[in-house]
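**Q** All chains, full assembly: derive it from the sequences and hints.
Listed here are the chains, written in short residue letters.
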Amino acid sequence: MSKIIAPPPFLKGAAKAAAKPSEVIKERSMLLQKQMLGDLFHDLTTAKDTGRKVVYTFVPGNLSELILAFDMLPVYPEINALQWGMRKKSGSLIRDAEKYGYSEDVCTYVKCDVGMFLNGNIGPTGEKLPPPDLLLLSYTGCFTFLKWFENLQKLYPGVPTAMLHTPYAADGVITEDMVTYMVRQLEEDVIPKMEMVSGKKFNPEKLSRHLGLASESEDWISKIFDLTKIVPSPIDAYFAGVYYIGPINAGFRGAESAVEYYHQLYLEVAERAREGRTPVTPEGELEEERFRLVVEGPPNWTHFREFWKLFYDMGAVVVASSYTKVGGLFDNGFRHDPDNPLESLARYCMGCYTNISLPERVNLLEGFIKDYKADGFLINSIKSCNSFSAGQLLIMRELEQRLGVPVSFIESDLVDPRYFSYANIKNRLDSFFQMMDQRKRVGGRHQFSKPEQTSSGEQCSMILPVLQQEGAL
Amino acid sequence: MHRTFEKLISECEHIAFDLQFSHAKAWKRASSERFLAGYLPIYIPREVIHAMGGLPVGIMGTGDRMQIIKGDAYYQSYICHLPRGVVELAMSGAFAEFDAFIFPSICDVIRNLSGMFQIFKPDVFVKYLDLPQNFLPSVGGAYYRREIETTVEGILSHRSTVPFENEVWVERLNHSIRLYNENRALIERIVTIRQEYPWRVSAVDWYNVLRSGLAMPVEEHNNILYELEAYLQDDRGRPLDNIRVVISGAFCEQPPVGLIKTIELAGCYIVDDDFMLGSRWIEGDIAEDTSDPLGAIVDAYLQHSTFSASLYEAAPASGTKVERLASLVKSRKADGVIFAAPSFCDPALLDRPELQLGLERAGVRTIGFQYSENTGQFKVIKEEVGAFSDSIKLWGSGADGSEPDSHMWLPTVIEDLTAIA
Chain A
1 MSKIIAPPPF LKGAAKAAAK PSEVIKERSM LLQKQMLGDL FHDLTTAKDT GRKVVYTFVP
61 GNLSELILAF DMLPVYPEIN ALQWGMRKKS GSLIRDAEKY GYSEDVCTYV KCDVGMFLNG
121 NIGPTGEKLP PPDLLLLSYT GCFTFLKWFE NLQKLYPGVP TAMLHTPYAA DGVITEDMVT
181 YMVRQLEEDV IPKMEMVSGK KFNPEKLSRH LGLASESEDW ISKIFDLTKI VPSPIDAYFA
241 GVYYIGPINA GFRGAESAVE YYHQLYLEVA ERAREGRTPV TPEGELEEER FRLVVEGPPN
301 WTHFREFWKL FYDMGAVVVA SSYTKVGGLF DNGFRHDPDN PLESLARYCM GCYTNISLPE
361 RVNLLEGFIK DYKADGFLIN SIKSCNSFSA GQLLIMRELE QRLGVPVSFI ESDLVDPRYF
421 SYANIKNRLD SFFQMMDQRK RVGGRHQFSK PEQTSSGEQC SMILPVLQQE GAL
Chain B
1 MHRTFEKLIS ECEHIAFDLQ FSHAKAWKRA SSERFLAGYL PIYIPREVIH AMGGLPVGIM
61 GTGDRMQIIK GDAYYQSYIC HLPRGVVELA MSGAFAEFDA FIFPSICDVI RNLSGMFQIF
121 KPDVFVKYLD LPQNFLPSVG GAYYRREIET TVEGILSHRS TVPFENEVWV ERLNHSIRLY
181 NENRALIERI VTIRQEYPWR VSAVDWYNVL RSGLAMPVEE HNNILYELEA YLQDDRGRPL
241 DNIRVVISGA FCEQPPVGLI KTIELAGCYI VDDDFMLGSR WIEGDIAEDT SDPLGAIVDA
301 YLQHSTFSAS LYEAAPASGT KVERLASLVK SRKADGVIFA APSFCDPALL DRPELQLGLE
361 RAGVRTIGFQ YSENTGQFKV IKEEVGAFSD SIKLWGSGAD GSEPDSHMWL PTVIEDLTAI
421 A
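As you go down the protein sequences, you meet chains A and B in turn.
Just so you know, we're using this note's numbering here: the first sequence kicks off at 1 and counts up by one.
Just so you know, we're using this note's numbering here: the second sequence kicks off at 1 and counts up by one.
Hints may be right or wrong, so weigh each one.
What the hints assert, rightly or not - Mimicking BS3-like on lysine-lysine, the simulated pairs with C-alpha atoms at most 27 Å apart in a straight line are:
hint: 1; chain 1: A; residue 1: K154; chain 2: B; residue 2: K330
hint: 2; chain 1: A; residue 1: K99; chain 2: B; residue 2: K321
hint: 3; chain 1: B; residue 1: K321; chain 2: A; residue 2: K154
Hints in this document: simulated from the structure, not taken from any laboratory.
**A** The structure is reproduced here in structure tokens:
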């Protein structure tokens, strides 16, 4: 049984905590996802017996379709690290890496991965992960990836590395020169190495087939995240969103199973939206959507549930987040193109969220705040991740200046439990919620969104349920 | 000689640490054809800016010479210090007469700083120079060439100036290449003199001379280097019983001068380092007098770049980073390596475990610590470096005098890790 948290005084009469304690009923999409991931881990643990080749690579700018086209199996070190974090076991792995000489200052994903290696390369599921046959360094949006794989090259001497340098979209555009550079790398380095390791000839038709399936999955996931524009939002696009992006980021984009999963998920979320239901939290369905947020930055994994609870206890729902776009930004219409396979892979890599320029990030987030009818904008700044974090305070200032939206800033880390301070984060969030609540009460919010016309011709905002309830409009 | 040694050093120090870049601005004001292009660490092809009639001005942060107030408001505590100072400079108007800014691709912080400048200075040309990590001429080389060309095009369009005729451009660029070849050659000659006679010019004085070159025309810096070289032909100063060290990891955010001085006072001669690495990035000369000088610059980057944490180590023909650092130690006859890296510098700090282990395996003694450009307390560092120096004086550099086995510094980290696991 979950307990109902009494609302703080400033939320008197309005907030009710996540409320409906209920048994966990797994929907079909959840079962599908579990099956997919279970099968992948099984394939990985038996890879050496079955002769399947294993590729270590990263989520942003991942080349899932190419890996599938060569019948290889992907391992994502950062997904292993975050899963260790969620199991609250990343701390000791990080400390082991630090004992080995890694500075406290550097990325904790890297240290968690090195620590995992030092401890026998046992994966978060408790099963030993196979060593890589190929290190596929698709270097998108994060310079530390480069350093990470240079370290892995030393840990796995003799394993070939295929390097794919993704140019940074610094000027907000992807030029033909950038595409050509990437395609040439694919043709002259990446694909030949994949052929060599897999022992298979590159089959463009097979790649195109997977790209077509990827495009279908991308359609569905875009539609799913579009549903959070509805008030109330049927899902939380950040805390639940990280589960939803699991298959598309863990090597299944381009597989039929992903199309089936995302189609099923869409049907379930659309049904929730049709019924006007609120997001499901670990403690049941949210009773009332009080605050709609856009969040920038990855979540903290070591205290994920406590972190989420700080939000749902206040009736706060994340309706859009940048983090769910790290494995691909499909909101702007990008889809993998079976007719232009390598160009399409190149454009995908360059369009991932962390590869777009700071001004473009500001524009994108501004669009999110407007389109998803957010009440506030929050940054969770991650100590480990300079790619996200450097410049975030300017992003926050810009958005506050442009939109007059309440903003807030909290700090934590990906998988280092030493950097999660519950009290500090709670204090900041309490102030933030209070600020948004006051903004609602005085009717001063949404300077950035135009009131919508009601059927009777009166101007009224669909997204101010509290003010409507309280007769303020 | 036009000036005394002391005056030469003093003038260089003034220019190197003038955070208003007065010397560069005065140069610009002499002609309406001139322009200033600020660049961040580490490397850009300065020859190209020079050939266009501009002055590339190195922006290396504020060190400990400016109180950071506004800059801190843009960065979390866990971001390195350099960009705070750069933002502070931007906010205080120090870049008022700059026409362009170039941000080479060395890390995520510098990368995102380029976006911040796009927001801060929408009317100025801001270029993120994406140096290739692919070193095939037909792939990375072709891309890099376009990166340089778009940089030129961007500056020209922002200044509304007409491109040079091809022949003129080739001639100008070849001329610039010659000047920068001369600059690098002079620097290497002085470093070699310092290797033999490090007491003739202190590490701090040499640092000031080298750094001043980032804020003045290369012609002027070459003259300074010639003057210094002449002074260093004669014995100066007094040899001390110091060990000889190479500093590694300080290629971007620079250590405060007090830290360099502290290392010397603690009993070390710094016989090589990676301070202002961009000035020495290309090893050897870039081909001069070719019909395709831009191609020569690209080839030099692909084939003759030094080793650095910002550069992908793709089985280079000239050796791994460990091998190249060990080779440098050997050629400089150094007794040890001091890994001095800025706090929160992912590239330098993620290289360190492998480098430190590799060098220890090669019989090279090492010590490591972190700093920030505005570090003000050096007592602990002095103790550490002093102990390092004393231990080498007492027990030698760690090797038994025999030549290190070259295989020992091959990447064998796996053996250690396996043993631990």
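**Q** Verify the proposed pairing of K99(A) with K321(B), using a straight-line Cα cut of 27 Å.
**A** Between K99(A) and K321(B) the Cα gap is close to 22 Å, so the pair holds against 27 Å.
**Q** Please verify whether K321(B) and K154(A) have alpha carbons no more than 27 Å apart.
**A** holds (12 Å)
**Q** Need the status of pair K154(A), K330(B): alpha-carbon distance at most 27 Å?
**A** holds (23 Å)
Of the numbered hints listed earlier, not one is contradicted by the structure.
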